[in-house]
Amino acid sequence: MADLSEVFRGYSAFVLDYSALLEVGDTTVHDELVDIIINQEKKLFISKSFRSFHGCVSLEGNPREKDVVVCTRDMFSRLYPTHSIRESKHTSTLGFVLEHANNVTECLFLGRNSETLERIRDANVTGRCAVCVFSKERMDLYPTLDICLSKEKPISVSQLTQSNDYLDVEVYCNVGDIVYTEAGEEVSLVSKISTGAEGIVFHTKDPKLVAKIYHRGVITPLRWRKLITMRDMHIDAVGICWPCELLYTYNRVPVGYLMKTGKGTTLGTAFDGPDAMMEHFPDWERLQVAKTLSSTLSRMIYLHMHGILVGDIQLKNAMISTPDDVYLIDMDSVQVADMPCPVGTEEFTSPELWESSFVSFLRKPRHEDYSISILVFSLLFCGQHPYAQRNGRETLREEMQALAFPYSLDGSTDDRIPLGGYDFIWKSLSDRLREMFYDTFAKGRLYESIEWLNAVSEYTDMLIKREFEDEEMYHVFPYHVWNAKLDESQVNSRRTVREAIIHTSINDEVAMGAAKDVPLSSMTRRGLDYAKIPYSNPYSSASASSSKSTGKSQGFASNNGMQNTSSGYHSSSSSNRGKQAERSKGLVEFLNNNHQTALLLALFAAAILLIIILSLFL
Amino acid sequence: MAKKVGNISEKDFGSSTKRRLPICFCLDVSGSMSGNPINELNDGLQSFFSSIRENDETRSAADICIVTFGGSVDIFLPFGKITKSQTIPRISATTSLTPIGEGILTALELLNVRKTGYKELGIKYYQPWLVVITDGAPQGENSMENMEKAIQAVTELESKDRLVVFNIGVGNNVDFSLLKRLSDKRAEPISIQTAQFGKLFAFLGSSSSSVVTSGMKDDALYDLEQHNEGTSVAMDDFFRTIEECK
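Chains as they are written, first to last, in our numbering: chain A, 1 to 618; chain B, 1001 to 1246.
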């Protein structure tokens, strides 16, 4: 390389994106740049998220990036005493770049495969600052950002996506078989872990490694080239189950790949409502939920920094054993270089992509931002989707398109929040997270994944420092049944109450209307009284009327009404009769805690009263 | 066996946050199904259930109900969460007639009530599946009238994308022209022989898993031919294609 001190003499400041450090990490460029900054009294601008990015890299502990971590640390310890570092107020990468894009005396440092460059392109940023683009092999200095963008062309989607070919070789791999790495090392398929649509994952003799063997006909040229590219990227990260070796049969037929073993259960299994959370992590608090989210986000951001988009973000594509031990799995679907992520679900995908075939184009960072925002919400809300709501539109699709977010900053739409304690989770978050969610899901704004990570870290700190006054805010489900020691009878009464609420709210709208004027306190008391009174199932009449044409179904429908009565409240009551008083006490506690449910319960009680009064008259 | 219509309780819905896929099987258990056909049907159902049960995703997402018709219409299995250990009893055939229309109307009612429950609780859901399996034609009092009502109700829901219909005929005595009218989207009813029950249920199992885990679109469910739209190539060509694209 040329004499850098001469090359950069004309600039007053460097604007450093972390991606540049990843590229030059193990060279002497680091030191040279520091020398230049010190000797020529330049400034070094970094984003407010610089530390977070550094955290993501150091957390993954990739042996190949040890130098990056060490060099960056050295670099900053040399520069801090000189007061040459300026931290931006922007946490977003784009905000940081825009802040400097038109300063002609500054030079922006970027990595060639960076997400930052992709974001600049996608947002059509124009600018006159100089840009220096680094890759492992070379460094290109462009006099302006505009010229840089005209020379550094975006990659277009691989031609292989057009190919309909698939490798069709009769190969059956099963437990006990031996496959081979490229270098010819034997890998034994010891036992099956799971079978999926694409293939089977096996334990190998090395507990740290598992093998994915594809089903016949699944390996396409695109898939295999992607795996080759991925292996060569050496993403040897602590929490990312990246393909590290390709696997073949003895006669060199491609069959699958070897990857790091993920530990624990999938996020999708554990983050699936209060029961699943309690089953998997009974001793957790909100802090553990927030930490799990931080670990997951951090690993995804690490991939972004290497120009990789996860694409098919879903809770089932990550595993967890402890909040610090999160593993990204199913990595063979990610978007790498010019090879797209061919799969995805509606729930996690930006609506603008729904009609496209995922294999036909390359996703942009902003598409990933959307998926990340859904992920952040889903983890903080223990599996709940931001657009799941009560009495909403016919499909989730419509809700997502309409930005029909049931949570609001002023609590005015609380009745739309799904039952189960999610309204209290919303209230227990930090203001910043709530505002970001509201901006994202109600207003359609996008935040970068690093902004989410920063906001989650801030929330984590608040939890650690116990900054919330209300102790309930530390529970995984605040003001909700979360104590594993909770008396079983309390659980029963809760269930029954809710059941009752549902019946009431669907069918007895008139009665509910009448109940609205009753003061809350008296209603809750009546609600308690009503727990003792049997009620008839409103569905028996509803279903009978809707099935007039079918004499027989009318018969069983009314019959079934009785069934319901006995299988509903009364079964729990009879099994717990001795605990009646205790349960009532539990119910009172529950009501005190859960105002919204209390209100509904009260409405239900009033409705039943009305029915009874009516039936007395008849 | 408990008969239930519209029993909405949190217990039945579970606290899972997964997007639910309600599937109502509407099964013919009339006299003609007795013997081997009902055995094959049971085997198919059992393996369908175990495939749903063993998969973490489908276990909490798939919401299954079974209505049988043969003489009377019965709710053999009401909607409810599938647990890891749950098994379903085997269905037995009756000796009587085939009230298909009535069975379908009952199924629609159950699906509707289930959906109402989702909406009330704020559970997200996929549009329901109605799986009708018959080996004959409508029989019994008012059977044709009910069948017409069923056809009208089903096709109306289907046209609004509110229902995915699997109209399946078993054997050679099916009134296919009538069965075909149950779905406007499916070019022809799915026609199987008794021995193919296993395959049918495997298809239904993998399709439900594809919907739940990889976001397969409903339209794909009307295209039974899982055509592997590709060209099978041998090793040499395979590696050449990769090389050429580098």
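If you're looking for bench data, these hints aren't it; they were derived computationally from the structure.
Being a predicted model, the structure only gives us computed values, none of them experimental.
Ideal Cβ positions, reconstructed from N, Cα and C, are used throughout, including at glycine.
It is possible that some hints are incorrect.
Stretches of chain A that chain B covers, calculated by requiring three or more beta carbons in the stretch to come under 8 Å of a beta carbon on chain B [claimed, not checked]: (1) 45–51; (2) 113–119; (3) 231–239; (4) 335–346; (5) 363–370.
If the Cβ cut is set under 8 Å, some of the chain A residues that face chain B in the computed set are [said to hold, decoys possible]: (6) Ile36; (7) Ala270; (8) Gly273; (9) Gln384; (10) Ile417.
These are the hints, each one checked on the structure:
Coverage of the segment 45–51 of chain A by chain B is violated [criterion: at least 3 residues with CB-CB distance below 8 Å; count 0]. As drawn, the segment 113–119 of chain A meets chain B at 0 residues by the rule of a beta-carbon pair under 8 Å; below three, the given contact is violated. For the segment 231–239 of chain A, the assignment as covered by chain B is violated, since 0 residues bring a beta-carbon within under 8 Å of that chain's beta-carbons and 3 are needed. Remark: the segment 335–346 of chain A is confirmed as covered by chain B, as 4 of its residues place a Cβ nearer than 8 Å to a Cβ of that chain, reaching the required three.
Counting residues of the segment 363–370 of chain A whose C-beta sits closer than 8 Å to any C-beta of chain B gives 0, which falls short of three, so the coverage hint is violated. With a cut of 8 Å, the hint placing A/Ile36 at the interface with chain B is violated, because the nearest CB-to-CB distance is about 38 Å. Taken as an interface hint, A/Ala270 does not check out: its beta carbon lies about 10 Å from the nearest beta carbon of chain B, beyond 8 Å. With 8 Å as the threshold, the beta carbon of A/Gly273 comes within range of chain B, its nearest partner Cβ sitting at about 4 Å, so the hint holds.
Restraint check, A/Gln384 versus chain B: the minimum CB separation of about 5 Å is within 8 Å; hint holds. Here the hint on A/Ile417 is kept, as its CB sits about 7 Å from the closest CB of chain B, short of 8 Å.
Violated hints, listed in ascending order, are 1, 2, 3, 5, 6, 7; each of the other numbered hints is respected by the structure.
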